[in-house]
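Heads up: the protein sequence lines correspond to chains A and B, in order.
Under my numbering, the first residue of the first sequence carries the number 24, and numbering increases by one thereafter.
Under my numbering, the first residue of the second sequence carries the number 26, and numbering increases by one thereafter.
Don't take each hint at face value.
Said to hold, decoys possible - Computed, partial: chain B to chain A, Cβ under 7 Å:
1. L132
2. F133
3. I171
4. V175
5. P206
6. L207
7. D208
What the hints assert, rightly or not - With the C-beta cut set under 10 Å, the calculated list includes, among others, these residues of chain B facing chain A:
8. L129
9. G134
10. P136
11. A137
12. W170
13. Y174
14. Q176
15. W199
16. A202
17. V203
Derived from the structure by calculation, the hints contain no laboratory data.
Glycine included, C-beta positions come from ideal geometry on N, C-alpha and C.
One letter stands for each residue in the lines below.
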Amino acid sequence: MKVHSRSLLNIYCLAVTLFSYSLFLKCYFPVKQGLSGNTSPTDVTPEPVSGRNGVPKPSYSRLVLMVIDALRTDFVLGERNDMPFTQRLLYDGRGVSFAAKTHLPTVTLPRIKAITSGSIPGFVDVVLNFGSPALTDDNLVTQLVLAGKTLTFFGDDTWLNLFPDHFERADGTTSFYVADYTEVDNNVTRHLSKELSSEDWDVMILHYLGLDHIGHLYGPVSDLVPPKLHEMDAVVRQIYTAMKSWNSDPPSVLVICGDHGMSDQGGHGGASPGEINVPIIILSPHALFQQQKTRTRGLQQIDLCPTLSALMGLPMPKNNLGRVEVAALPESTPLVDKVRFLQLNAAQIAEILKENVDNIEEDQAYVLHQDALAVHASWMSLRNSSTAASWEAVGARVLMGYQDAVERMSHRISQTSTSYDMYGIVVAIGFLCMNLLIQSLAYINKEDPAIIHLTTGWVWVILLLMVAILSHVTLCTSQHSSDIMCSTSITSLAVQLAVFGILIINCVLGGLLGSLVVRNAFKGDRKPMTMLEVGLVGCTVFHSLSLLSSSFVEEEHQTWYFFSSSLHTLLLLHPLSILMTRLGQPRSTECAGASAENRTERTSDRFQVSSSDNNFTKIRSKIRNEEGDMSQVVNTPVERSKQMSAEECVKMVASLVGILFLIRILRRWNQTGNKWLDVPDVGDWLVRPENKSYLSVIVLLSLLCLWTTRLRTLPGIIGRLTFAGMLISTYLSKATSGALILPSIITDFVSSQGVLEARIAYFFIAGLLVCSLKYSPTNTTDNFPAPQKRTDNFYTDCIRSDSQSTISSKDQQDLSHPANQIVDRHKGLWEGVQVAWLSVMCLLLRPHNVVQVAMVSMVEMLTCHFVLPFVKLSPQCLVLYCLMMGQASFYFQGNSNSLSTVDVSAGLTALYDYQPVIIGLQMTMSTYAGVFFWLFTLCKYISVAAPSCHTQKWLSDTYSELCSLALLNRALPLAVYTILVTLMRYHLFVWTVFSPKLLYEGMLSLVVCGFCVLCLLMERSVNKISIV
Amino acid sequence: MAAYEYGKAASHRSTIKITSALCALWCTCLSAIILLSVKYKFPFDIIAQPVTGVQIVAGIIFTVHTLSLAVSSALEKDYFRIKPKNVFKCVIAVVCACIVFHVLAILFGAPALESSRETFHFAMLLTCVAVLPACCVLGADGEKWIAVYVQSRPELGKETVIYITTITSVVGAWLGAVPIPLDWDRPWQVWPVSCVLGSLFGYCLGLLFSAMYLPLKHRQLSKTKLT
Ligand SMILES: [Zn+2]
Ligand SMILES: [Zn+2]
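In isolation and in its complexed conformation, chain A is listed as follows (with noise of 0.2 Å):
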């Protein structure tokens, strides 16, 4: 057996982090099996003593239930006053409203699986939100058409996925065209004027989502929400009215409710009080409600689907956790019905507590049950023997002995019922932490894994594999058994095949790198870490250990910011120490003794200067230890300050003190994380509608900042006007969908939403990419030298005259040299790739981001120019600098590790219609826009890096490192933080904080391992010319 190359092993990690972070994913978000089946009305237990059986008479017969998307419950329920119709109903007494709290995530596909199953959907419907396949458990809808109701249905398309065929007539709206917030209501409100009068249909749920695109667009405090809020007034009272009409006999109620609420910043998908607070309300021109005059109890979304099906007399949906709320039944209703409905409430759950729980006769809540139930009992038989006063209190303490048992039980229930599949998490952390260790064993062993051979191992191969199987097939008979490991599926057995397999590589890999290592752990001479590498590594350790805290989980922008600051700060020191002791020069060379000697040596060590590879630095150590003296001169502060003049000293220091600068610009752009979420931003302050022209002023001075400062990069005037042209389109394309201001000569010429200058703008950067690819390394005609033998002495020559063009650096190696070509081509690819990106990310991110744009490409230009070039980074210090950038510009953009920062409106860039693989692309690539940007400027940074000579082998050699690195870098944090959230899975936070960061670190890892591929392809291509 033999291990052809590194970027093997590269492409081996790869799919190992991926197979085993998704097999970790799949165990650790359990999709849940409910009971399966639908409750039927004649088989409910029967009530104790009368021995009525089936469900009580239901109180209404047609039903209309409205769902605003995205609600907030201060929209109707606190004091202002936007719903003047419906407020003025629940004052007049003709109706009831709540306050209820929605469970997580608050996205709209897993809400209305709450409201209509009663049941909590696993977190995992986030991802299921954009395909959304049929409901097969028990819901309020099935029971409505099981009932024989017709049912009609107008609004977000959701619905319909979820219940196909249940409706007799339906229209649905799709929720992804967020741009637009007036047809997809008007398109709902269209139908009401004639099916309200006609009678043909029972039940009719209507789900308008305009309100939700406003809050995706503007948020919150945006001014077209009131008057939004008062068109969903008027289809209140449209409804209301006709009901009233309507014959009284089976009377009709109006049920309101939003499907999750909307966070400050205008997202859902969190935990924040504004996205989990809804409004339910409930109108009947035909019914008195009790007044409600203590509201104790705090209600869930879930308990709308029991209440509903009270409302309307129907069993409760066989998984239902909610609670029957008396308080939403009409006052007419009797009591023994309300006592009724709890306990035909309390006996569904309890069927649910017996199939979760043990040994159920002693669980508390099952005892309380009990309890409920035998009170009920006395206190039916005593219906006849007491006075109606005495016999309804005891009636209140029955109802009041059922909401206990129900919540308690339902709360029991939410306990057990996550079943983690342990096996399988076991594993896939297992695998994660060989991978950690087999990279940073890769990474530590230098020698090229070419030469290593297998020669002996196989009885030890096989020995493993038996036991391996031994322990699988006795794990998959005990009671740890697990989906996914050991059923005999297609997909479990492909799994089971896989794991073996790795687990069979990975020892392998890890024991002969491990004996590798540990045969040339003494070995050659490392070079000490330099400052900057310590503290590189140092900030990635940190990071990774800090996502044990919940807080720094929430707050993880704040390690970022404050890295990045500490870094750059650190940079600053070597510029300034140059001037000082340029300062100080003429007296403290007199005193120059071997012990200052010695220390300056020293000195200089901690800033590297220039080592740009491993190789060269072991055969540039093997100099200095034959010639000492030479390398010692270059190496002394003196020499370090001949090779950076004072000039390049102050202009190194002016551009570090203006990139922190920006960065505290930048982190104060948009406010993000949990802390300090409410602290008032720049970015809040611009999108107010009142500072529009600021807004399109600072819009327009960044774009034209952006064309000025990169004009540099692109080559020849095709270049440069196809970038002016991708910058007007982005502008249009933002200022035609409102966000932005136009001189009103140009309105006439442009389109209404803005889609078709998107367009536009894409087919620029398209011409920009092709632009850039021109300086492909494979187009390349020139003939390059063919590859020289590697000896010592040719690397001996290229270091000396390394040395020698640095300390010389004004007059640069001639041009034609072919190693400098093949960097220019480099960077010239790269830089165009940084232009096309630059472009994309003005159009992708929201208008008050584009400035954000400008700042980071100012940032990066700043360590370009003034940083790179003299304070020489390593590869590897190169790789964590620019993830560390793009980890702070991620945050910068104002994303966070709650879901609701999510910005849904980037998706629709661009499209007419609904179209789920590039709505998906573009979220990705506008979350992670700044991520990419750096990791763009990774691979242009390696070619300021790149040593004058032997360029193409290191550019081959530093694009593999790249990609190990980066995957290394992926490896670390995924190990931690898969083991932290397993062991905290019982933690109060695990769905607030815990499990949403657990996306963000896998979609992560996704971005970082296309970068790898990439980096593959470019080490493939730079390998090739050398074929030609």
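Model the placement of chain B with the ligands on the given structure of chain A, informed by the hints.
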């Protein structure tokens, strides 16, 4: 060079012992004051009123250093350092350092406009522990500053002490920012309390470390010369 250093070391054996002892004493006094004020809010409450606390602590540190400067120049009959011109230079340096620390704190994320009083007091304290001692020891001699801080070869003695304490107190202040984002809602997490405490603890640790490091290093140096 080594011989030169050894000769110096031999002649200053007693000086080094005294410096080390003074360091230990000063460290004990200062940490006692800080611990008392953190734990028992006595004689002042640095957590509840960081501004007053910083004023008092900075005052103490300032007094101790100027006194020691006066005493040492009187003992060594070296009045060059307290000439008006040199004192003026030092004052300028201290003020500049204070401003630089203030700006740095803002760049690291301290509120830019609100609570600038607190930020300024933090910068003042950091200057007191990181720059002021150096001013007292090195005076206005730029060459010495470069030798100590840029080339990092301080003379064994006071210069080593200030070199170490400057680094530890700045690092302490830097590390002090780490617990701020935690959701514990403790009073000491409020800006700038944790950073003030961090720099003070860093300073004390630096003093403690140099009190141990000086005699050890001295013994090592003299041994290498003897053999
Ligand atoms: Zn929704
Ligand atoms: Zn939404």
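Verification of the hints:
| no. | hint | verdict |
| --- | --- | --- |
| 1 | L132 | holds (5 Å) |
| 2 | F133 | holds (5 Å) |
| 3 | I171 | holds (4 Å) |
| 4 | V175 | holds (5 Å) |
| 5 | P206 | holds (4 Å) |
| 6 | L207 | holds (5 Å) |
| 7 | D208 | holds (4 Å) |
| 8 | L129 | holds (7 Å) |
| 9 | G134 | holds (6 Å) |
| 10 | P136 | holds (9 Å) |
| 11 | A137 | holds (8 Å) |
| 12 | W170 | holds (8 Å) |
| 13 | Y174 | holds (8 Å) |
| 14 | Q176 | holds (6 Å) |
| 15 | W199 | holds (7 Å) |
| 16 | A202 | holds (7 Å) |
| 17 | V203 | holds (8 Å) |
When each numbered hint is compared with the structure, no violation occurs for any of them.
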